[in-house]
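Read off the chains here:
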Amino acid sequence: MTPVTISASRVRVPEDVRHAIESRRDVQVVAHDKLRFVIINADDYAFVAPLLERHRQGRPVPIDELLDDDDYAIIADLDAGDGDLAVGIVEAWTDLDAGG
Amino acid sequence: MYPFTPGMPVERVIRLAADAAAQLELHDDIESLAAGIVPSAPPTELVVQFKLRRVLLLQSANARRPQVTVARVSSITPARRARAGWYERLVQRRHPAHYLIGDQRRHGTAGMEAFVDLLSVAPIRTEMILRRTGYLTTAEMRDISDRLVKTLELDISHLVDGEEKR
Numbered sequence: 001m002t003p004v005t006i007s008a009s010r011v012r013v014p015e016d017v018r019h020a021i022e023s024r025r026d027v028q029v030v031a032h033d034k035l036r037f038v039i040i041n042a043d044d045y046a047f048v049a050p051l052l053e054r055h056r057q058g059r060p061v062p063i064d065e066l067l068d069d070d071d072y073a074i075i076a077d078l079d080a081g082d083g084d085l086a087v088g089i090v091e092a093w094t095d096l097d098a099g100g
Numbered sequence: 001m002y003p004f005t006p007g008m009p010v011e012r013v014i015r016l017a018a019d020a021a022a023q024l025e026l027h028d029d030i031e032s033l034a035a036g037i038v039p040s041a042p043p044t045e046l047v048v049q050f051k052l053r054r055v056l057l058l059q060s061a062n063a064r065r066p067q068v069t070v071a072r073v074s075s076i077t078p079a080r081r082a083r084a085g086w087y088e089r090l091v092q093r094r095h096p097a098h099y100l101i102g103d104q105r106r107h108g109t110a111g112m113e114a115f116v117d118l119l120s121v122a123p124i125r126t127e128m129i130l131r132r133t134g135y136l137t138t139a140e141m142r143d144i145s146d147r148l149v150k151t152l153e154l155d156i157s158h159l160v161d162g163e164e165k166r
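Residue numbers (the working numbering), protein chains in the order written: chain A, 1 to 100; chain B, 1 to 166.
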């Protein structure tokens, strides 16, 4: 998907936001507590653009590339939270009735 | 074969006499118990734990299909909420695999925050579903579908191409 390119003169970026972007910090633009836009550094965009394009084309992206350390900690916690039940019973053994 | 997953710890019930109190014998995994059981042995009594769990139906459950695919629903504990990066993405609906529920009464979580885990998707027997506790709207289920495409790493490129051609 071809990006829409506009001149910088058409966009008013406050000084603190410009400084944040230049120092490689993402800027999240919210409205009514909802995230509307994210402004990122051009170098960062070059890094994520291929992944984004792949997603937009409907092609699979390895889910591991979308998860971070927090996510893996949560996943480990989910397994630990169930304790012995985590590995649990696969399913009811109803096939016994059918001689399975 | 046995109806438990490998590595599951179990407690075996030992009855020395009909009038004697039963004793429990702990096995770290069911394989070690199974290794000592001969084919002609009578059925073995086990003590098992269980708890009820909420799941999100990903398919229509009907009587004609014995199984239905569901996603696990988990609660948001203080420890999980403390993972600020994860929780923020969850609240802002930016998480690729987890979907926040519980902010609506119709979600059926008794007012508690919870999340649908699209990394834990599995078929279960339809008859194992005890009751309906809540529901998600069509728009919410569309968000769920978006995440399933990511977590299952589905290739829907031909569908996307079709959309563009219309």
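Do not take every clue at face value.
[To be verified] Computed spacing ranges between beta-carbons, pair by pair: (1) A:Asp16 <-> B:Arg93: 23 to 29 Å; (2) A:Asp64 <-> B:Ser40: 45 to 51 Å; (3) A:Asp64 <-> B:Ala82: 19 to 25 Å; (4) B:Leu130 <-> A:Glu22: 36 to 42 Å; (5) A:Arg24 <-> B:Arg142: 56 to 62 Å.
[What the hints assert, rightly or not] Stretches of chain B that chain A covers, calculated by requiring three or more beta carbons in the stretch to come under 8 Å of a beta carbon on chain A: (6) 78-91; (7) 149-157.
[Said to hold, decoys possible] For lysine to aspartate or glutamate, the following DMTMM-like pairs were computed, each having C-alpha atoms within a straight-line distance of at most 20 Å: (8) A:Lys34 <-> B:Glu11; (9) B:Lys51 <-> B:Glu11; (10) B:Lys51 <-> A:Asp79.
Keep in mind the hints are simulated off the structure, nothing from the lab. As the structure is a prediction and not an experimental result, all values here were calculated from the model. For glycine and all other residues, C-beta sits at the position ideal for the given N, C-alpha and C.
Going through the hints against the structure:
1. A:Asp16 <-> B:Arg93: 23 to 29 Å: holds (26 Å)
2. A:Asp64 <-> B:Ser40: 45 to 51 Å: holds (48 Å)
3. A:Asp64 <-> B:Ala82: 19 to 25 Å: Cβ of Asp64 (chain A) to Cβ of Ala82 (chain B): about 23 Å, so the range 19 to 25 Å holds.
4. B:Leu130 <-> A:Glu22: 36 to 42 Å: Given range 36 to 42 Å: violated, Cβ gap about 56 Å.
5. A:Arg24 <-> B:Arg142: 56 to 62 Å: violated (33 Å)
6. 78-91: Held - the segment 78-91 of chain B has 5 residues with a Cβ nearer than 8 Å to chain A, which meets the minimum of three.
7. 149-157: holds (count 8)
8. A:Lys34 <-> B:Glu11: violated (51 Å)
9. B:Lys51 <-> B:Glu11: Holds: Lys51 (chain B) and Glu11 (chain B) sit about 17 Å apart, inside 20 Å.
10. B:Lys51 <-> A:Asp79: holds (14 Å)
Violated hints, in rising order: 4, 5, 8; the structure is consistent with all others.
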